[in-house]
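Single-letter residue listing:
Protein chains: 2
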Amino acid sequence: MSDSATPTKARRSRGGRAARQAKAASDVEPIVPYLTRNIPYYEVLDDDGLALIEKNADTILAEVGIEFRDDEEALQIWRDAGADVQGQLVKFPRGLCRKLIQDSAPAQFTQHARNPQRNIEIGGKNTVFVPAYGSPFVYDMDKGRRYATLEDFQNFVKLAYMSTSLHHSGGTICEPVDLPVNKRHFDMLYTHMKYSDKPFMGSVTAPERAQDSVDMCEILFGDNFLDPATGQPKTCLISLINANSPMTFDDTMLGAAKVYARNNQACIITPFILAGAMSPVTVAGTAAQSLAEAMAGMAFVQLVNPGAPVVMGSFASSISMQSGAPTFGTPEPALVLYIMAALARRLKVPFRSGGGFCGSKLPDAQAATEAANTLLPTALAGVNFALHTAGWQEGGLVMGYEKFVMDTDLAGMMATMLKGVDLSENGQAMDAIAEVGPGNHFLGCEHTKANFKTAFYRSPLADNNSFEQWEADGSLTHEQRANALYKKMLQNYEAPPLDPAIDSALTDYMSTRKSSFADSNIS
Amino acid sequence: MSDSATPTKARRSRGGRAARQAKAASDVEPIVPYLTRNIPYYEVLDDDGLALIEKNADTILAEVGIEFRDDEEALQIWRDAGADVQGQLVKFPRGLCRKLIQDSAPAQFTQHARNPQRNIEIGGKNTVFVPAYGSPFVYDMDKGRRYATLEDFQNFVKLAYMSTSLHHSGGTICEPVDLPVNKRHFDMLYTHMKYSDKPFMGSVTAPERAQDSVDMCEILFGDNFLDPATGQPKTCLISLINANSPMTFDDTMLGAAKVYARNNQACIITPFILAGAMSPVTVAGTAAQSLAEAMAGMAFVQLVNPGAPVVMGSFASSISMQSGAPTFGTPEPALVLYIMAALARRLKVPFRSGGGFCGSKLPDAQAATEAANTLLPTALAGVNFALHTAGWQEGGLVMGYEKFVMDTDLAGMMATMLKGVDLSENGQAMDAIAEVGPGNHFLGCEHTKANFKTAFYRSPLADNNSFEQWEADGSLTHEQRANALYKKMLQNYEAPPLDPAIDSALTDYMSTRKSSFADSNIS
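Heads up: the sequence lines are chains A and B, in that order.
Numbering-wise, the first sequence is residues 1 to 523 according to my numbering.
Numbering-wise, the second sequence is residues 1 to 523 according to my numbering.
Certain hints may be false.
[Unchecked claim] Derived coverage of chain B by chain A (criterion: at least 3 residues anywhere in the stretch with Cβ under 8 Å from a Cβ of chain A; other residues may be distant):
hint, segment
1, 108-116
2, 420-434
3, 477-489
[Stated by the list, open to error] Here are some chain A residues pointing at chain B (derived, C-beta under 10 Å):
hint, residue
4, 69
5, 72
6, 75
7, 76
8, 77
9, 108
10, 110
11, 137
12, 283
13, 287
14, 334
15, 365
16, 413
17, 414
18, 457
Don't read these hints as lab results, they were simulated from the structure.
Ideal placement from N, C-alpha and C gives every residue a C-beta, glycine not left out.
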């Protein structure tokens with residue numbers, strides 16, 4: 001028999017009954033707030049290799065330095081900590097940043113959700129999948145590429161809420177450009193709070209917007225905002241503090257980081273690197289620079305508030321050395337990702353990287369290849385906070401509706417993979433093999449009957465029917481099925497309950513704050 | 001800065017000159033006959049887990065047994081080796097198969113090509129990427145899905161010859177259904193011999209066709225056919241001997257295996273399993289059964305001719321427990337693949353598995369997702385002979401033209417990944433980081449200038465241009481670019497030189513043999 005043979009018998013038998021039973025089983029899905037891996041990490045470098053990258057990062061910190069721009073308070077903090085500050089350039093005694101981080105940064109922390117069943121553990125062997133972040137445009141097959149609006153933002157929050165393979169509502173899922181730049185953070189936060197009960201991210205575009213994020217969380221969480229044990233706020237927000245690579249932090253990001261750190265809210269410190277432009281063209285060079293930048297940022301957070309949760313981030317893609325365009329889903333960034341994950345484990349801090357990256361303008365085969373080439377390493381490397389898991393299109397300029405549900409399907413596959421191999425007696429299935437014997441089939445055996453409901457990952461999008469059935473169903477592409485799926489999800493959306501008193505307190509806060517200053521689209 | 005920012009500066013600068021220089025560099029590509037990995041294997045089970053699977057495989061061999069059907073010689077061989085033969089069912093004393101394999105099967109061997117620069121090493125840390133195998137249909141975007149012909153077969157051999165990321169010409173790339181079933185092997189073999197100089201596979205559909213394959217190799221290799229050191233034929237063919245899972249070998253496959261083994265040609269012994277139908281619905285059960293079947297087949301080959309090269313194969317996918325349809329690119333088969341690769345290493349035999357599987361009817365996002373979800377594990381697991389790397393579509397029923405070049409692009413990415421991380425001084429790039437410093441860019445630095453030509457994997461298909469440029473270029477999908485690429489390749493094809501005397505000896509052999517028996521389409 002050739003490998004290509006498709007067993008008609010297997011294909012046809014028991015389909016109807018099995019299909020009905022499976023549907024009944026899937027009607028009530030338990031909440032899985034986050035994933036805990038049961039498979040090893042994939043490591044591309046051994047201890048010597050990782051130690052070399054760490055040594056190089058220390059050299060960068062000590063000899064090249066990191067600029068902290070336009071923030072005198074930050075420079076003073078570094079002077080007080082014993083760093084060598086020359087103008088805005090900070091040089092760090094070898095080992096200082098590492099020590100500051102290891103002295104106080106938690107290896108794992110809880111991000112609270114307004115529904116405590118959705119609380120997530122960030123760090124350790126845990127992974128959370130999070131929507132993409134920051135695109136000015138959206139795309140769907142019906143209307144094409146266009147500027148994002150608040151309605152799009154709401155739609156994606158609803159889709160993320162309904163996606164069992166996403167554990168987080170994300171942050172700036174897309175930019176609602178129909179709202180003023182200096183006030184849209186209110187509506188984004190309110191959307192996460194009202195339309196989802198999963199954890200979400202805060203605003204980082206100005207220190208006062210970070211404070212608004214914290215203040216709205218205080219309203220949302222009410223009596224649950226403060227931790228009774230410590231008197232400090234619980235960690236309800238996680239926010240994205242990007243380095244301005246190479247080797248620079250700017251005052252906007254530092255301002256937001258200080259607000260969050262002082263309120264015990266989590267910061268993800270992420271060197272944002274397109275290798276070849278913002279870092280060397282090599283994997284080892286990009287990793288060393290990323291580690292240096294991330295350590296400087298994380299150490300700064302620990303100086304601002306020792307013990308405040310920080311996540312080591314790495315966003316490293318490459319550029320086309322022919323055209324200069326950013327590229328995604330290529331092998332070199334995956335190698336960087338594996339290395340950075342291992343370095344975060346050695347530093348004992350949670351790690352953020354990866355996602356469903358692609359450069360494609362469409363939810364096509366390029367998008368799918370590049371997303372899989374990034375999300376599989378994301379899972380194997382041990383990323384704890386997988387921002388950009390769903391929706392990322394066109395290098396992050398676009399949030400794609402079809403891409404979003406394609407990516408959540410992929411994230412579901414990763415969840416199954418992370419569960420690993422069941423070596424129990426039932427997993428070994430020796431009774432099934434003995435029962436069936438040579439030349440027979442397993443479809444009707446007792447073991448199969450007992451296990452078929454949960455046996456294999458089920459894609460809501462892939463078409464595995466016969467060619468003839470697929471033709472009869474309209475010869476649809478994957479993208480067309482994704483288009484139908486996201487629309488059906490939005491039709492079926494039901495909001496999680498929210499206390500009306502909290503809801504009006506949130507809207508009151510927003511209207512008071514919005515009317516206290518003029519609209520602006522400058523920044 | 002948001003992660004989505006696309007640096008216009010990086011995108012625009014130096015594009016023209018860099019592009020021209022890169023083109024010049026790529027005009028002469030050295031032959032890379034096979035890949036040797038420089039990254040670790042990914043292991044999902046520890047030694048205890050793997051030992052458990054081995055113990056279960058031994059139990060299957062000892063207590064359930066394997067049927068060797070309609071081949072009295074095979075049964076006598078097993079009786080002579082000390083197995084317990086009951087009718088056609090063979091039960092093996094624990095450890096017998098393993099001992100037979102480890103006593104004589106080579107851990108690594110050379111498959112010779114008519115161009116010695118194309119000889120491949122199968123086993124160890126080496127990987128070869130091989131076209132898909134066995135589909136009755138072909139697909140392209142222009143003409144859709146249709147039965148394959150000899151012209152299609154020739155086209156795919158040409159494409160495989162031109163693909164730098166494929167190391168092998170494959171075997172039954174597609175079934176030339178315009179030729180009689182009992183004679184088409186002649187034309188397939190001749191096509192591999194004439195239109196390519198890469199190594200290829202032999203016919204397995206009847207023992208006499210296996211002998212034809214060997215005889216034509218003797219003509220093709222001429223004075224180089226026999227190894228002067230041993231007097232035995234060199235290994236010029238590798239052929240696909242599938243188990244008829246569960247736990248059965250049939251006389252057709254056994255007959256071909258005997259011919260190849262006695263002629264020192266390589267056999268890949270592959271349990272062909274759609275889990276849930278031909279094996280239990282669990283990963284551990286499927287792995288144990290696969291190992292048992294593969295060990296029985298490999299041990300049989302060693303009994304026929306001790307030392308004949310064998311490869312342990314594993315083809316394991318799953319079925320939809322709702323519809324019974326085969327599914328591809330899902331997480332469970334990837335887990336099986338990692339386990340089987342580790343088991344082959346413990347057994348010390350080369351390993352074949354994986355490829356670019358998909359169930360999709362089209363070269364769309366489903367196809368791309370599923371292919372990447374299989375080929376990345378193929379590379380990480382340490383597959384030595386990656387059959388089905390390029391072209392596999394619709395569960396193997398279809399060889400796809402666009403899918404073929406999409407898959408070779410993916411295989412190219414895997415080749416870059418397998419090279420691993422350059423930790424040399426140049427790879428560390430500390431001079432570049434020191435030269436550029438905070439806030440500047442790396443595009444013009446000395447290190448970038450010295451390395452940009454080979455810096456990152458370059459996809460011939462992905463579009464990473466700006467949205468506006470992409471629109472100006474016709475708003476093409478990945479599939480459409482793939483369609484254009486394979487046509488361009490076929491236009492540019494030039495056959496490798498073949499000695500005219502050998503060519504006419506081959507065609508003489510074929511016409512003599514073809515006229516010696518009547519056409520038949522029975523089998």
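Inset, instruction - Mind listing which of the numbered hints don't hold for this structure, in increasing order? - result: Of the numbered hints given earlier, those the structure breaks are 1, 5, 6, 7, 8, 9 and 10, listed in rising order.
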